[in-house]
Amino acid sequence: MRTDGKKKNRLTITAHVLTLCLLVLSVAGASTFAWFSSRKSVGSYAPISSPEALYIGAGHIENDTFEDIRYMYFDGMDVKKADHVDKVFCVYGTGIGNYKIQLAFTTNNQFIYSIYHASESSVESEGAVKYVTHQTTPQTFYYSVSGEAIAGTFLNKQEVEGESIANAENHTDTYGSYANVNKYAEPIYWQTSVAETGRARGAFVNYYILRVSYNGKEVNDRETDVLCLAAKTFNIHAQS
Amino acid sequence: MKGFWKELDGKQRKELRTRLFYAVLSGLMLVVFGTISFAWFASNRGVNQSGMDIAISTESIDIVVVRTSYYDAYDNMTEFKTKLGEAEYSTTENDTDVEPRIAYEMVNESVVDGMRYLQPGSYGTVTFYIRPKANKDNTVVNFVLERGGFSNEYDEHDNLEITEVDSSAVLDLLKGHLLFFTGRTGADYEHFVYTGFLTDRFSYDMGAHDKCGEVGRTDCYKVVLYWEWPLKYYDITDNISTKYPAAVEDYIAANPTFFFGTSEIGDSEEAKSDAFDDGDQTIGDNTDYFVLYIKVK
Chain G
1 MRTDGKKKNR LTITAHVLTL CLLVLSVAGA STFAWFSSRK SVGSYAPISS PEALYIGAGH
61 IENDTFEDIR YMYFDGMDVK KADHVDKVFC VYGTGIGNYK IQLAFTTNNQ FIYSIYHASE
121 SSVESEGAVK YVTHQTTPQT FYYSVSGEAI AGTFLNKQEV EGESIANAEN HTDTYGSYAN
181 VNKYAEPIYW QTSVAETGRA RGAFVNYYIL RVSYNGKEVN DRETDVLCLA AKTFNIHAQS
Chain Z
1 MKGFWKELDG KQRKELRTRL FYAVLSGLML VVFGTISFAW FASNRGVNQS GMDIAISTES
61 IDIVVVRTSY YDAYDNMTEF KTKLGEAEYS TTENDTDVEP RIAYEMVNES VVDGMRYLQP
121 GSYGTVTFYI RPKANKDNTV VNFVLERGGF SNEYDEHDNL EITEVDSSAV LDLLKGHLLF
181 FTGRTGADYE HFVYTGFLTD RFSYDMGAHD KCGEVGRTDC YKVVLYWEWP LKYYDITDNI
241 STKYPAAVED YIAANPTFFF GTSEIGDSEE AKSDAFDDGD QTIGDNTDYF VLYIKVK
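Those protein sequence lines, which keep their order, are chains G and Z. First residue of the first sequence: 1, per the working numbering; consecutive thereafter. First residue of the second sequence: 1, per the working numbering; consecutive thereafter.
The set of hints was computed from the structure by calculation and includes no laboratory data. Backbone N, C-alpha and C fix where the C-beta goes; we use that ideal spot for every residue, glycine too. Just so you know, not all the hints are guaranteed correct.
[What the hints assert, rightly or not] What follows is a list of derived Cβ distance ranges for each label pair:
#: 1; chain 1: G; residue 1: N180; chain 2: Z; residue 2: A169; range: 49 to 59 Å
#: 2; chain 1: G; residue 1: G176; chain 2: Z; residue 2: E79; range: 25 to 35 Å
#: 3; chain 1: G; residue 1: D68; chain 2: Z; residue 2: T163; range: 31 to 41 Å
#: 4; chain 1: Z; residue 1: D72; chain 2: G; residue 2: P51; range: 15 to 25 Å
#: 5; chain 1: Z; residue 1: T68; chain 2: G; residue 2: V160; range: 48 to 58 Å
#: 6; chain 1: Z; residue 1: V66; chain 2: G; residue 2: A200; range: 30 to 40 Å
#: 7; chain 1: G; residue 1: D68; chain 2: Z; residue 2: E164; range: 32 to 42 Å
My request is simple: use the sequences and hints to build the entire structure.
In structure tokens:
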């Protein structure tokens, strides 16, 4: 029994010494391996296109909630009450440096559309456009025009006998080969001349007021017009 | 020692033998790695490339890549290269040295709005050269392919911080949305026919290929990998065994998370198509730079 105990002790000591060696060698081996394996690699890279995040909403945007553009609607436009109607909308997005605002509209009513930059406030001021949000607890905001109407360019407008209507330039784009189109149903295309500024690095929101003016022109209150409002990313470097 | 051995019973001898074996094995490993390390150091002195060719080196081969200025004018590329440098991937412009790790440009052959950003519908190549060392001409070289990415993050002051993508969901999607092949014929996206579908590894048998005829690289084997980011899910499924090898179909079946972001996709082809599109969106939202890591095994 005593001899056995001795043997065991000697074995244990030897084993410990070996284990120690094993440990040291393993560490050396492992670190060498890590160093080595990390040293023989090539990385082939390419930048990825970011999906565009550019949207149009109605008034007031808050954190992740925004007012759907369907809340911007024209009802009961009374041309005798005032010479124009103002509606607020916003363009918001992420990682978009520049964009242009575009309009396409039919010309039954001979309205004049202009777009202004707007500032938001929770306090009412003269001439400000009131907007009540559609949140669970509705909030009221006021939007004031700042500066002049944003300059823009028409793509296909012509003046015929005092009326602004579309020329034939973009007929095919709109209606294809269909030729039987009323002259007022040919939409006029317009876009801002200078690119609007978003935010290339991060999220942004810009408020606008769309002003619909009658401009003293005779209006037929039974007519309907279609107005399309769009925002398009614009690369100011490419100028395309 | 001999006496000591005799005093042990069978079980003790076995234990000692096992421990000795591992100790010796560790020693062997150390010797082997030591040799390789020296080989690497040695090649540092001897191997210089002309022009923009740069190389990584192992005991039997060098991997030579040709760096270009392909994406230099792109947004944040300088910051991205700095980030690669921090990850110890050399991006130095005119380096002719042997580097431990090298990053270089993946070629995107499709142009959208004058730019070559990767996006669904993109396709292109990844090219590198294998230069065997003396008497290593018939070696089979094993590569491991890994997909990674980096993304642009901005703090409240709009300062850019490029971070490595660590979301396993996004990294998984990269495996299924950017497909790699060893062969391609045809002129464009509509007519390409791919062969040799690659997932996470591939082997190149130098003995089965001829060296390339390019000036200054006649001692190298040229390896071209072809990649594609299919535009639509149906672009893949409608073209199995015609444009894409059948292996792609098996891969989708075996790895639904790589394609649809979930393993619970069900059987509806329409749901798969939607999930595939969502996967593209997830990649785009979370990744601004793609990197294919080609590691010599």
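*Could you say whether the range 30 to 40 Å given as a hint is met by the Cβ separation of V66/Z and A200/G?*
holds (32 Å)
*Return holds or violated for the Cβ distance of D72/Z and P51/G against the range 15 to 25 Å.*
holds (24 Å)
*May I ask you to test the hint 48 to 58 Å on the CB atoms belonging to T68/Z and V160/G?*
holds (56 Å)
*Range hint 32 to 42 Å: satisfied by the CB atoms of D68/G and E164/Z?*
37 Å Cβ-Cβ, so the 32 to 42 Å window holds.
*T163/Z and D68/G - C-beta distance against the hinted 31 to 41 Å*: holds (33 Å)
*Whether the CB-CB distance between N180/G and A169/Z falls inside 49 to 59 Å*: holds (53 Å)
*Lying within 25 to 35 Å: is that true of the beta-carbon distance G176/G to E79/Z?*
Between G176/G and E79/Z, where Cβ atoms are some 47 Å apart, the hint is violated.
Consistency with the previously given hints fails for number 2 only.
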